[in-house]
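Engineer: Here's the letter readout for the chains.
2 protein chains.
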Amino acid sequence: MDAPEQSFLREKSLAVEDQELAVGTLEDSHAAKPETDAAIQLPNKSKPDKSAVEKDREDFREAVVKTLDRLLFVHKSFDIYRGVAGLYDFGPHGRTVELNVLSLWRKCFVDEEDMMEVACTALTPEAVFNASGHVKNFTDLMVKDEVDGAFHRADHLVKSYCENRKKDPTISAENAAELDKVIAHVEDLSAEELGGVWNHCSSHEESTFSSSSPLQLDVSNFLWSKCYLRPETAQGSFCNFKDYYNLNGRKLPFAVAQVGRVFRNEISPRQGLLRTREFTLAEIEHFVHPEHKSHSKFSDVAKLEFLMFPREEQEKPGQFAKRLCLGEAVAKVSVFVIIFAYLLFDKKKKLILISTTENVLGHVNSETLGYFIGRVYLFLIRLGIDKERLRFRHHLANEMAHYATDCWDAEIECSYGWIECVGIADRSDYDLRAHSEKSGHALVAQEKLAEPIEVEKLAITPEMKELGPAFKGNQKNVVEALEVD
Amino acid sequence: MDAPEQSFLREKSLAVEDQELAVGTLEDSHAAKPETDAAIQLPNKSKPDKSAVEKDREDFREAVVKTLDRLLFVHKSFDIYRGVAGLYDFGPHGRTVELNVLSLWRKCFVDEEDMMEVACTALTPEAVFNASGHVKNFTDLMVKDEVDGAFHRADHLVKSYCENRKKDPTISAENAAELDKVIAHVEDLSAEELGGVWNHCSSHEESTFSSSSPLQLDVSNFLWSKCYLRPETAQGSFCNFKDYYNLNGRKLPFAVAQVGRVFRNEISPRQGLLRTREFTLAEIEHFVHPEHKSHSKFSDVAKLEFLMFPREEQEKPGQFAKRLCLGEAVAKVSVFVIIFAYLLFDKKKKLILISTTENVLGHVNSETLGYFIGRVYLFLIRLGIDKERLRFRHHLANEMAHYATDCWDAEIECSYGWIECVGIADRSDYDLRAHSEKSGHALVAQEKLAEPIEVEKLAITPEMKELGPAFKGNQKNVVEALEVD
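Line by line, the protein sequences give chains L and E.
Each residue of the first sequence is one higher than the one before, starting from 0 at the first, in numbering that gives the first Met the number 0.
Each residue of the second sequence is one higher than the one before, starting from 0 at the first, in numbering that gives the first Met the number 0.
Careful: at least some of the hints might be erroneous.
All copies of an identical chain are treated as equivalent in the list; a pair is satisfied when it fits inside any one copy or across any two copies.
[Unchecked claim] Derived pair list, reagent style BS3-like, types lysine-lysine, alpha-carbon separation capped at 25 Å: (1) 225 - 135; (2) 241 - 65; (3) 225 - 75; (4) 241 - 447; (5) 75 - 437; (6) 75 - 250; (7) 158 - 135; (8) 75 - 241; (9) 250 - 65; (10) 75 - 65; (11) 180 - 158.
Since the hints were made in silico from the structure, they are not lab data.
Model the full assembly from the supplied sequences, consistent with the hints where possible.
Structural biologist: In structure tokens:
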């Protein structure tokens, strides 16, 4: 990038940011709607031509990627054999950066928050992912290109088909609205529904794609037992919950941290390190009592101010992330959701902080979420992330994984736009309940009540000497039926 | 174990050790053969009843394993689903121990020896292990038990069959000798030969085993490309050799270190952590000029004295490891082998130091091996290993992996006996040559000579005007044939 271009972009970018701040301030001060709307329009006028910005970003990124490759920070794995898409190695400098990031993560979370760090295996028996719902829910529908043999995700193809169709100037307003609806809801569709939509789309145009078929994620067939390679480290922590709980003196809350390699069967890896088939994930499961989600150290972070992007703001057109005080945001946010913590950092050296509860009863106390959002913010700032390029965005309802009842992402603005690098999810009791049911081991915590609770219970005591003559041979069945609660 | 039993065992054990030292001293002083032989016999007399010692070891081990399990140092993975044989998790204490061991390893090797630490992927395309010989050579012949569905390695079954047969009192001396021969050479057999031997063995007795069939190691089928899970981290370092060499300013020697999870498709995992299907491996590849294997820091370790067990000592009956001075041992050992460095520490948190050379020319300078044996000794002692229970044993010729031209193991005596925990192998140019041939990329180092070497070369210069009339239409083929070296 030339210096004049850079300064032009920087200027425009600052103008946009100033305008965003102005909008935020107006909204915070409850300005009249027309005034706010006018301010929202302004940034669009001062924005430089989108395609020029994008081209510039791409050139800049290409230069950075080439340098990182040349200096072996990160480079394609097994390049002498032309590599495999989505696999990257860290050279000496890259590995050093990774070790430093992990060391800071360990200090900020494991040490300072007194967590248990454990290490489970990547190989995971099939039963675990059947119970967790990964096998059923992460079965991406894929489509094979019969010409070049490449695989593509059906939802991506449907989206791109709809976006291309919309560019047709002859299309009716009604059809355009329908296409918008498909784009907005494609992620809500089941595999079967998606297959139907794709068949409909592909019948409209010349296509080299074969019909769609489901793809199992992360499967690794070992002779001795069907195993998967884990796509997250969390399931090991969930399966061992009872052991960790006992080791913690049967007290809640406590947190279990893991760092390790995870594997994802990406159909078409892209965007460099953002979608890879193998990467290091740093995860935390924070287990809390479902009725006691306040956090004793929340006041340490309550006064932090940074960019947040709540769900209801995203649903209005032309809105931006706003600088909010965490303490106030938590009070505000908690009115409409129960939120918990699940953090990721970067697809390659991903840091995750997950909070799960044994049972979610609908309480709206989200100090625990707020606390971990604050800790993640402090961690990322200490890592050197520019606070103007960091925001916490609330997931929309149709974005969340099957196990999440709520999710916030820490997003960093880079040459690919705003990219999720830490995820904060409330998994509620989804995983513990699923494994309890499928394994037959109750993964629950126990609580000693200050006062015993007395409950009156109606019970049936069969009078055998009456039942005998009345039911004869069926007496036993009758007694059994009566004993069922 | 009761206190009196313990003290009895300790006494006997000390007596054995004293006797071993006495034998060593006699041998060192070149005592007459009968005197040495008599000393060798003595330890056998003072040894306590073998089965009592073994029972005691087993009880002790069981108690330790139970404690480690209860305190979550290490425990079966996915136990709520009854687990998978050969998969273990580290709980908080175990993970802390692992991190401390890796941290000391990083300090002793990566930092103090100025190595490059890198991180390659565990997923590895098939072409890599075809080239490295793993697919062909680590294809264990296995046998399925038709009754319980369990798999067993054919070589283990053959050994156990022969050992059982030998217990038959009616067996002839000739047959017993034959069985001994089979036991000694079962590891030399090809899969086909082994299959023949097993069929012969199994035809002699009632057996529920089906016939043997080969088992591929570590295979994981991904839709997009056939990949294996690495059984060692080394292949990534070999494939990237040229990049690391360039980054090092095209200078030899240099070393590449890696720590990461590796996977082995053990047919029947056993002995707790000693044979697992997934574990962390710490490996070092030390690349040296094949003609300059001296080591500039060898004098730092030359005066160390510890137990060594050379190959020729193992081949004589009744021999033991002897305390040798490393500097003298290297001089002695180098008379008959070229030795290089490949270190492992414990099957679970295995540390490996591998040295490879671009080309082995048969020189006998093994200072580099000696240096790394010394460094490994110092590392293990700093880790807290009892030096009386640590020895360096030379591999016998039929023990070595297909890629090794020589191998020494650091062995630690534990409740399972003397167990390999660090391996030191000379892989010569095996891997670099194999990948050069299969990939078409020359993985070689270049050397600038002080003086140019002048070579006289006979060359053919075709005289076109003579060839034309003589060969007419075939002129072109003749010229091409002449130009081939």
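Engineer: Compare the structure with each hint and give your call.
Structural biologist: Here's how the hints hold up against the structure:
{"no.": "1", "hint": "225 - 135", "result": "both (16 Å within a copy, 23 Å between copies)"}
{"no.": "2", "hint": "241 - 65", "result": "between (48 Å within a copy, 17 Å between copies)"}
{"no.": "3", "hint": "225 - 75", "result": "between (30 Å within a copy, 17 Å between copies)"}
{"no.": "4", "hint": "241 - 447", "result": "within (17 Å within a copy, 64 Å between copies)"}
{"no.": "5", "hint": "75 - 437", "result": "between (40 Å within a copy, 18 Å between copies)"}
{"no.": "6", "hint": "75 - 250", "result": "between (46 Å within a copy, 23 Å between copies)"}
{"no.": "7", "hint": "158 - 135", "result": "within (22 Å within a copy, 45 Å between copies)"}
{"no.": "8", "hint": "75 - 241", "result": "between (41 Å within a copy, 14 Å between copies)"}
{"no.": "9", "hint": "250 - 65", "result": "between (51 Å within a copy, 24 Å between copies)"}
{"no.": "10", "hint": "75 - 65", "result": "within (11 Å within a copy, 44 Å between copies)"}
{"no.": "11", "hint": "180 - 158", "result": "within (11 Å within a copy, 69 Å between copies)"}
Going down the numbered hints, you'll see the structure goes against none, and every one checks out.
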